[in-house]
Amino acid sequence: GAVVSQHPSRVICKSGTSVKIECRSLDFQATTMFWYRQFPKKSLMLMATSNEGSKATYEQGVEKDKFLINHASLTLSTLTVTSAHPEDSSFYICSAHLAGGSAYEQYFGPGTRLTVT
Amino acid sequence: KQEVTQIPAALSVPEGENLVLNCSFTDSAIYNLQWFRQDPGKGLTSLLLIQSSQREQTSGRLNASLDKSSGRSTLYIAASQPGDSATYLCAVSNFGNEKLTFGTGTRLTIIP
Chain L
1 GAVVSQHPSR VICKSGTSVK IECRSLDFQA TTMFWYRQFP KKSLMLMATS NEGSKATYEQ
61 GVEKDKFLIN HASLTLSTLT VTSAHPEDSS FYICSAHLAG GSAYEQYFGP GTRLTVT
Chain U
1 KQEVTQIPAA LSVPEGENLV LNCSFTDSAI YNLQWFRQDP GKGLTSLLLI QSSQREQTSG
61 RLNASLDKSS GRSTLYIAAS QPGDSATYLC AVSNFGNEKL TFGTGTRLTI IP
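Chains L and U are the protein sequences, given in the same order.
If you're matching positions, the first sequence starts at 1 in my numbering and goes up one per residue.
If you're matching positions, the second sequence starts at 1 in my numbering and goes up one per residue.
A hint or two may mislead.
Derived pair list, reagent style DSS-like, types lysine-lysine, alpha-carbon separation capped at 30 Å [unchecked claim]:
| hint | chain 1 | residue 1 | chain 2 | residue 2 |
| --- | --- | --- | --- | --- |
| 1 | U | Lys68 | L | Lys66 |
| 2 | L | Lys66 | L | Lys14 |
| 3 | L | Lys20 | U | Lys42 |
| 4 | U | Lys42 | L | Lys66 |
| 5 | L | Lys14 | L | Lys55 |
| 6 | L | Lys55 | L | Lys20 |
| 7 | L | Lys66 | L | Lys20 |
| 8 | L | Lys66 | L | Lys55 |
| 9 | L | Lys64 | U | Lys42 |
| 10 | U | Lys42 | L | Lys55 |
| 11 | U | Lys42 | L | Lys41 |
| 12 | U | Lys99 | L | Lys42 |
| 13 | L | Lys64 | L | Lys20 |
| 14 | L | Lys55 | U | Lys1 |
| 15 | L | Lys64 | L | Lys41 |
| 16 | L | Lys55 | U | Lys68 |
| 17 | L | Lys14 | U | Lys68 |
| 18 | U | Lys99 | U | Lys68 |
| 19 | U | Lys99 | L | Lys55 |
| 20 | L | Lys42 | L | Lys20 |
| 21 | U | Lys1 | L | Lys42 |
| 22 | U | Lys68 | L | Lys64 |
| 23 | L | Lys64 | U | Lys99 |
| 24 | U | Lys42 | L | Lys42 |
| 25 | L | Lys66 | L | Lys41 |
| 26 | L | Lys64 | U | Lys1 |
| 27 | U | Lys1 | L | Lys14 |
| 28 | L | Lys41 | L | Lys20 |
| 29 | L | Lys20 | U | Lys99 |
Far from chain L, by Cβ distances over 12 Å, these chain U residues were calculated [what the hints assert, rightly or not]:
| hint | residue |
| --- | --- |
| 30 | Glu17 |
| 31 | Asn18 |
| 32 | Val20 |
| 33 | Ser28 |
| 34 | Ser46 |
| 35 | Asp67 |
| 36 | Ser69 |
| 37 | Gln81 |
| 38 | Thr87 |
| 39 | Glu98 |
For the record, the hints were derived by calculation from the structure and aren't laboratory data.
The beta-carbon is built from N, C-alpha and C at its ideal position, and this holds for glycine as well.
Whole structure, please, built from the sequences with the hints as guidance.
Encoded structure:
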């Protein structure tokens, strides 16, 4: 149980375009999802906390207008990278907190590799 | 602000050896600490979770210890195997905050 999926697993887009990444909790409901980015050989950095039915909370230094987050249901959160640039190329990982579960246990998706050319 | 550091950044050991990975954190008011494994280009696999009230957790060949007062955790891997080669990340959550702060990771290579 507690499986989180991400789609797509890999995406290549041209500079200036937007790309949407989906994060789904497959067999549980998630009131809270988290979005991380990871640069090569670096650790995970939290970008934002996504709460179902409300606005996302962004970490300091993360542009909310560039990284649009929508958590429309208890099983789906989306991250849209708008007007992507090569420096946005990264590995994006989401995690989901099981509603009613341990307050601090998160389940991670397999990640999405974004390459902006 | 919580900061998590892992030493060493990379480690290579012959197959069969026991090894220890280290994790340190600056703010001891943690709720729990987790160890994850990440294979290249992949997501995270949770290995062990230690609550702040616990001192260690074991799963198979893995044993994680926690010394909250000194801000340290270790991950002990017994009888290492080539399949253990991966990057190991520790992460902590603080009380009143669901956010995880990740360490810098240790890239482990087991030499057959």
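Could you tell me which of the hints above the structure violates, numbers in ascending order? The structure conflicts with hints 1, 16, 17, 22, 27, 34, 38 and 39, although it agrees with all the remaining ones.
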